[in-house]
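Colleague: What follows is the residue order along each chain.
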Amino acid sequence: MSTETNSESTTGTASDQRNARTISLGVGDGATGSRTIGPDVFRILSLGCVLLLIASFVHVLHEVTQAVGGTPSLFALVGGMLLAGTLLARLIRPRTALLAALTVAGLGFAYYLESSGVGVGIVLSQTGALAADIATLATGHPLIRTVEAGLWTLGFAPAPVFLSWYLALRGRYALSVLPGGFALAFLVLTGDADLTVTLLGTLAGLGAVGFGELERRGGSISQADLLAALFALIIVLSLSVSFVPGGDTGPASIGATDAGTLEGTIDSAGERSGFTGQVDLSPEVRFTVESEQPSYWRTGVYDRFTGDEWVRTGQEQPLDGPINEPSGDYETMQQLVTAETEIGVMPVAPQPLTVTDGAAQYAELSAHGQVHPSTTLIEGDSYVVESAVVDPGQDELKRAGTEYPDQIEERYLQQPEDTSDEFAEYTANVTADAETPYEKAAAIETHLRSSKSYSLDVSQPSGNVAEEFLFEMDEGYCIYFATTMTQMLRAEEVPTRYVTGYTSGQQVDDDTHVVRGLDAHAWVEVYFPDHGWVAFEPTPSGERDDVHADQLEDARADDVENVDIEESEDVPVREDDDDEDEQNDRDPTGPDEGEQDDPETNETDPDQGPDTDPDSDTENESNETTDGTSLPDADGDGSSEGDDSDGFSLPVTVSRELLALTTVVLVGLAAGIHRTDGRTRLQRLVGLLWQRPTDDPDDDAARAYRRLERLLGRTHRPRRPGESARSYVTALRTAATDDTGDSLESATDVDPTDPRIEAVLESYEQAVYGGGVNRREATSAVEAVDELVREQVPLVGGAMSGAGQHKASTERGSDDENDGSDESTTAE
Amino acid sequence: MTDADPPTDTVLETTPIDVDEQTEAIDPLPLTRVESIGTDIEANVARVIVGHESVIEHVITALLGRGHVLLDDVPGVGKTMLARSIATSVDCTFRRIQFTPDLLPTDVTGVNVFNQQTREFEFQPGPIFGNIVLGDEINRAPPKTQSALLEAMEEEQVTADGETRSLPAPFTVIATQNAIEPNRTYDLPFAELDRFMKKLHLGYPDPEDEAELLGRTVGTHPIDELESVTDRETLVRARETVSRVEVAEPVRAYVTRLAGYTRENAHIGASPRGAIALLRAAQARAVINGRDYVTPDDVQAEAAVVLSHRVKTNDRTRDGQAIVADALEQVPVDG
Numbered sequence: 001m002s003t004e005t006n007s008e009s010t011t012g013t014a015s016d017q018r019n020a021r022t023i024s025l026g027v028g029d030g031a032t033g034s035r036t037i038g039p040d041v042f043r044i045l046s047l048g049c050v051l052l053l054i055a056s057f058v059h060v061l062h063e064v065t066q067a068v069g070g071t072p073s074l075f076a077l078v079g080g081m082l083l084a085g086t087l088l089a090r091l092i093r094p095r096t097a098l099l100a101a102l103t104v105a106g107l108g109f110a111y112y113l114e115s116s117g118v119g120v121g122i123v124l125s126q127t128g129a130l131a132a133d134i135a136t137l138a139t140g141h142p143l144i145r146t147v148e149a150g151l152w153t154l155g156f157a158p159a160p161v162f163l164s165w166y167l168a169l170r171g172r173y174a175l176s177v178l179p180g181g182f183a184l185a186f187l188v189l190t191g192d193a194d195l196t197v198t199l200l201g202t203l204a205g206l207g208a209v210g211f212g213e214l215e216r217r218g219g220s221i222s223q224a225d226l227l228a229a230l231f232a233l234i235i236v237l238s239l240s241v242s243f244v245p246g247g248d249t250g251p252a253s254i255g256a257t258d259a260g261t262l263e264g265t266i267d268s269a270g271e272r273s274g275f276t277g278q279v280d281l282s283p284e285v286r287f288t289v290e291s292e293q294p295s296y297w298r299t300g301v302y303d304r305f306t307g308d309e310w311v312r313t314g315q316e317q318p319l320d321g322p323i324n325e326p327s328g329d330y331e332t333m334q335q336l337v338t339a340e341t342e343i344g345v346m347p348v349a350p351q352p353l354t355v356t357d358g359a360a361q362y363a364e365l366s367a368h369g370q371v372h373p374s375t376t377l378i379e380g381d382s383y384v385v386e387s388a389v390v391d392p393g394q395d396e397l398k399r400a401g402t403e404y405p406d407q408i409e410e411r412y413l414q415q416p417e418d419t420s421d422e423f424a425e426y427t428a429n430v431t432a433d434a435e436t437p438y439e440k441a442a443a444i445e446t447h448l449r450s451s452k453s454y455s456l457d458v459s460q461p462s463g464n465v466a467e468e469f470l471f472e473m474d475e476g477y478c479i480y481f482a483t484t485m486t487q488m489l490r491a492e493e494v495p496t497r498y499v500t501g502y503t504s505g506q507q508v509d510d511d512t513h514v515v516r517g518l519d520a521h522a523w524v525e526v527y528f529p530d531h532g533w534v535a536f537e538p539t540p541s542g543e544r545d546d547v548h549a550d551q552l553e554d555a556r557a558d559d560v561e562n563v564d565i566e567e568s569e570d571v572p573v574r575e576d577d578d579d580e581d582e583q584n585d586r587d588p589t590g591p592d593e594g595e596q597d598d599p600e601t602n603e604t605d606p607d608q609g610p611d612t613d614p615d616s617d618t619e620n621e622s623n624e625t626t627d628g629t630s631l632p633d634a635d636g637d638g639s640s641e642g643d644d645s646d647g648f649s650l651p652v653t654v655s656r657e658l659l660a661l662t663t664v665v666l667v668g669l670a671a672g673i674h675r676t677d678g679r680t681r682l683q684r685l686v687g688l689l690w691q692r693p694t695d696d697p698d699d700d701a702a703r704a705y706r707r708l709e710r711l712l713g714r715t716h717r718p719r720r721p722g723e724s725a726r727s728y729v730t731a732l733r734t735a736a737t738d739d740t741g742d743s744l745e746s747a748t749d750v751d752p753t754d755p756r757i758e759a760v761l762e763s764y765e766q767a768v769y770g771g772g773v774n775r776r777e778a779t780s781a782v783e784a785v786d787e788l789v790r791e792q793v794p795l796v797g798g799a800m801s802g803a804g805q806h807k808a809s810t811e812r813g814s815d816d817e818n819d820g821s822d823e824s825t826t827a828e
Numbered sequence: 001m002t003d004a005d006p007p008t009d010t011v012l013e014t015t016p017i018d019v020d021e022q023t024e025a026i027d028p029l030p031l032t033r034v035e036s037i038g039t040d041i042e043a044n045v046a047r048v049i050v051g052h053e054s055v056i057e058h059v060i061t062a063l064l065g066r067g068h069v070l071l072d073d074v075p076g077v078g079k080t081m082l083a084r085s086i087a088t089s090v091d092c093t094f095r096r097i098q099f100t101p102d103l104l105p106t107d108v109t110g111v112n113v114f115n116q117q118t119r120e121f122e123f124q125p126g127p128i129f130g131n132i133v134l135g136d137e138i139n140r141a142p143p144k145t146q147s148a149l150l151e152a153m154e155e156e157q158v159t160a161d162g163e164t165r166s167l168p169a170p171f172t173v174i175a176t177q178n179a180i181e182p183n184r185t186y187d188l189p190f191a192e193l194d195r196f197m198k199k200l201h202l203g204y205p206d207p208e209d210e211a212e213l214l215g216r217t218v219g220t221h222p223i224d225e226l227e228s229v230t231d232r233e234t235l236v237r238a239r240e241t242v243s244r245v246e247v248a249e250p251v252r253a254y255v256t257r258l259a260g261y262t263r264e265n266a267h268i269g270a271s272p273r274g275a276i277a278l279l280r281a282a283q284a285r286a287v288i289n290g291r292d293y294v295t296p297d298d299v300q301a302e303a304a305v306v307l308s309h310r311v312k313t314n315d316r317t318r319d320g321q322a323i324v325a326d327a328l329e330q331v332p333v334d335g
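If you read the sequences in order, they're chains A and B. Each residue of the first sequence is one higher than the last, beginning at 1 in the numbering used here. Each residue of the second sequence is one higher than the last, beginning at 1 in the numbering used here.
It is worth saying that the hints were derived from the structure and are not from the lab. Remember, it's a predicted structure, so these values are computed and weren't measured experimentally. Hints may be right or wrong, so weigh each one.
The following residues of chain B were derived to be distant from chain A, with all beta-carbon distances above 10 Å [to be verified]:
1) Thr185
2) Ser243
3) Pro250
4) Arg273
5) Asp292
6) Thr295
7) Leu328
So the derived list for chain B, only partly shown, Cβ under 8 Å to chain A, looks like this [claimed, not checked]:
8) Ile223
9) Asp224
10) Glu227
11) Val251
12) Ala253
13) Tyr293
14) Pro296
15) Gln300
16) Glu329
17) Gln330
18) Val331
19) Pro332
20) Val333
Where a beta carbon is used, it is the ideal one built from N, C-alpha and C, also for glycine.
Start from the sequences and build out the full structure, keeping to the hints where you can.
Modeller: What follows is the structure in structure tokens.
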């Protein structure tokens, strides 16, 4: 903002500036007029900042309404409040305005309570519980998880918008930042406001106050350097200290350390499931399940889709007693799940009925019937789950009808507001021949499996993931398939939810399943009246198995740690009877798990078969031929990275943040330096450390002495104007020899009696007053000063040749030394 | 100068006495020789004068820098002795004029005397015709007599009865004046004062120096045994060396700034002649210090004695010395 007006003459005191301003106003548009800025500009800037602050928290609210609906209402409300603020700014007094705002806020809150079916009476009857709820929100319960998030938003927005704008228009900028800042702070506490928005809002608040002050007291734009320095400070602080209790309050999720893995994406935070582009698969064993029959092991159920992530609404409750059983017929199955490493989830076969034994004490139940651990499970933790396997026949499902309970419809039909009409039209085309929800689901499932191919190597789309995948992408992996299917079914008014977990894993003996990180998966559950939730698999299983099996083989070949537990060591990865896999055939322990990957056993797989694509063939062959020797790099790609994905994927993101951060730091530093008039100091320091060689040896020698003089000036007194070069040095020498009694001088002080100083002095005199010096003399003078500088400033001694990198550190060093010199001069 | 030019030519033609023409190239001495001459004279003088090293040095630099010296102090501190010992150290013509209230200008410059035998007027040179002239108690003579010195000191020539005669080279006036008895003395005209390169004060010797002094003067006075350490020709050549010492632009600018400061801060500041004198003195000092170029330090060492007596203030509490001291303190050495 203020970079153009960075002229040196504007570094005067505030009073100077005020004088300059009044003069320029009096004279009119003089030359000084361009440098000073009238109060009008500051007023516009402050109002702009207030608007930005309002926009920041409205933006957060808008993100919520985008997912759950109500954006037009929100915007209408905000616009109305801005208008009201503008109209009333001159009409009502602040006290009245405050009262009005509180009334509006109260009404909004009451509306929310009434609409969510709780009733306003709860304020009186259960104040404690209400306070606890608010506290829950403020300690990191994201707004988006609130069941009636849209209503809440509409109730929340008006008061701070109105109050902020009203006060800003009255010129009370500091006060106007309060309501806006409070609103933003609350959203920060709930974890909804992300870093960028928070920063922007904070900076806007600061800018509003700062520019408001400048407007009131009058000042030039160059005085905004303080603001710039504060901005930078805030940015740096907020980026380096993350005390905000974001969504991640639950136990650490699986692979939390593996940011680039599929698991890390699926369970990025306790109650969210995000998306990412290219992912790695970790071949490490996560847990084992002893179960008579294989199943998908579910770890998360999500109902709300924001366009770029899945959110689980509602709060977890401690698990006490059995979970609601499905309404229809079901068989029960028992599993013993044992964690083989630290995991932050509780895999269960859907739909769990009871969780008992061992780690069951940590179990919490989500509003969707999924159990979650309240703390991270460690290796060896185990629990027993009894699950209801809902497996009705096709005919039953076709007859299920569409009599959905209200609660189910409310929750599981949500679509992001910005879902386009094309998406619905496309879905309608796909399901044109389908009549029942089951047929629709099957049609969509088939369509996705046949039209998209499986790949872990995709770039993350921006915008609505479901639409992007459907229209723009040719390949993807489970989360894309599952998300798109969920949204398509919802477009067809079929309650659907997005579930995450693991596939059944590797069966190592009759009833033991070893589940690895690469088994992480996401699929879909569709609700059928009288039956409950039934799983669907939109991901092409054959392709997926190939990719995942390749990874595991590679990992085994590379001897990656934790790939196997004892029982699984000798079990080959692939059970399908490819001709190439002769060694697999020889293995007698391999049971048949032909259908394990598809929970929907009565669904025919259109394009699943033993036909493997050419890629996997060649890889298998190379596996055979190079058995025992190290594989070429190209083969070991995905697997070996599972281990060190930190070192692999992090630098990419960090370096970008680091770049931004560095820029901000530099800008702030520059502003701070400008503020403290440190630019000249810095220039002098740089000049002290280094001199640009010239063609003229006389010039070099003269510069060398000037550096020496500055060096002496730091530890001793600076040269007085009336002092000649020699008389200055002589005076220092006299003082130094007088002082020798109490040799308190620090080791870094330059000794004025140093013979090198005399040499530099002589060449200076010769160069300036005498017949000049030759190149050799000049060079030796420069080198002598270099030496002296290095001795005195050891901090930069080694890095004299470095560029801007060491400026900051040297400046710190110079400050220290300046302090020291101050003391020494006062001592004198 | 405008009106002086044509007459000067005619005058020069009628000049009866002509010592070495300055136009002839003088072979300068090597720098080190001059330096050693300086130290030799200094050591020689120090045999007579106890202490006062800086004053002795100033006199020597004035001698080498073609300047005249005014020694100003109370009687009895060795002014005359200093002048005599300097003169003795250089083997050249030494003349002494004792200024009294009834001294006439012709008593200084000389007169035309009618020669009975040749029946012509002959010029009888006055005591001013010498290489080193000691003007003792110069402020006891009335201004008329003092003014006789003006031409001699500035132009190194004497005009008597319409005839102008050059003075021998080198020509240096070492004058003394009494700081006390203001009723019986005449203030030197400012124009004459300006012609002295330096005005020096000896001051009383330190107690140790005085004791030493007393010890030396018991018996034969050392001045009587003093011998010369150099001669006239050497001095001329040494002066040539000094005049060729380089004065770089920054130094010239510095001198200009110093002079300018005195003009701005006093009633009458240092004249351009003063600035020239300062540079010459600085040149001599540079040589004494073994350099063939002048540094600001040389200027600073000379400024106080060269400029102070040229600065006149209306403020009784601040004399020229204070102004020059301020100038040295405040005028920046480098641009």
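Colleague: So proline 250 of chain B supposedly isn't at the interface. Is its beta-carbon more than 10 Å from every beta-carbon in chain A?
Modeller: Nearest chain A Cβ is 6 Å from proline 250 of chain B, so the label is violated.
Colleague: Test the statement that arginine 273 of chain B is away from the interface with chain A: the closest C-beta pair must be farther apart than 10 Å.
Modeller: 23 Å, holds
Colleague: Closer than 8 Å between Cβ atoms is the bar; does glutamate 227 of chain B clear it against chain A? Give me holds or violated.
Modeller: Violated, about 36 Å.
Colleague: Using 8 Å as the Cβ threshold, decide whether proline 332 of chain B counts as touching chain A.
Modeller: Holds. Min distance 4 Å.
Colleague: Would you check whether isoleucine 223 of chain B satisfies its interface hint, that is, whether its CB is within less than 8 Å of any CB in chain A?
Modeller: Where the cut-off is 8 Å and the nearest Cβ of chain A is about 35 Å from isoleucine 223 of chain B, the hint is violated.
Colleague: With 8 Å as the cut and Cβ atoms as the points, is glutamine 330 of chain B at the interface with chain A?
Modeller: With Cβ-Cβ at 6 Å, under 8 Å, it holds.
Colleague: Quick check on glutamate 329 of chain B please, does its C-beta sit within 8 Å of some C-beta on chain A?
Modeller: 4 Å, holds
Colleague: Minimum C-beta separation from threonine 185 of chain B to chain A exceeding 10 Å: can you confirm that?
Modeller: Fine: 35 Å to the nearest Cβ keeps threonine 185 of chain B off the interface.
Colleague: Closest CB-CB distance from threonine 295 of chain B to chain A, is it above 10 Å?
Modeller: 5 Å, violated
Colleague: Against chain A, run the beta carbon of glutamine 300 of chain B and see if the smallest gap drops under 8 Å.
Modeller: 6 Å, holds
Colleague: Identify whether the interface hint at alanine 253 of chain B stands, where standing means a beta carbon of chain A within less than 8 Å of its own.
Modeller: Nearest chain A Cβ about 11 Å off; hint violated.
Colleague: Just double-check leucine 328 of chain B for me: nearest Cβ-Cβ distance to chain A has to come out over 10 Å.
Modeller: 6 Å, violated
Violated hints, in rising order: 3, 5, 6, 7, 8, 9, 10, 12; the structure is consistent with all others.
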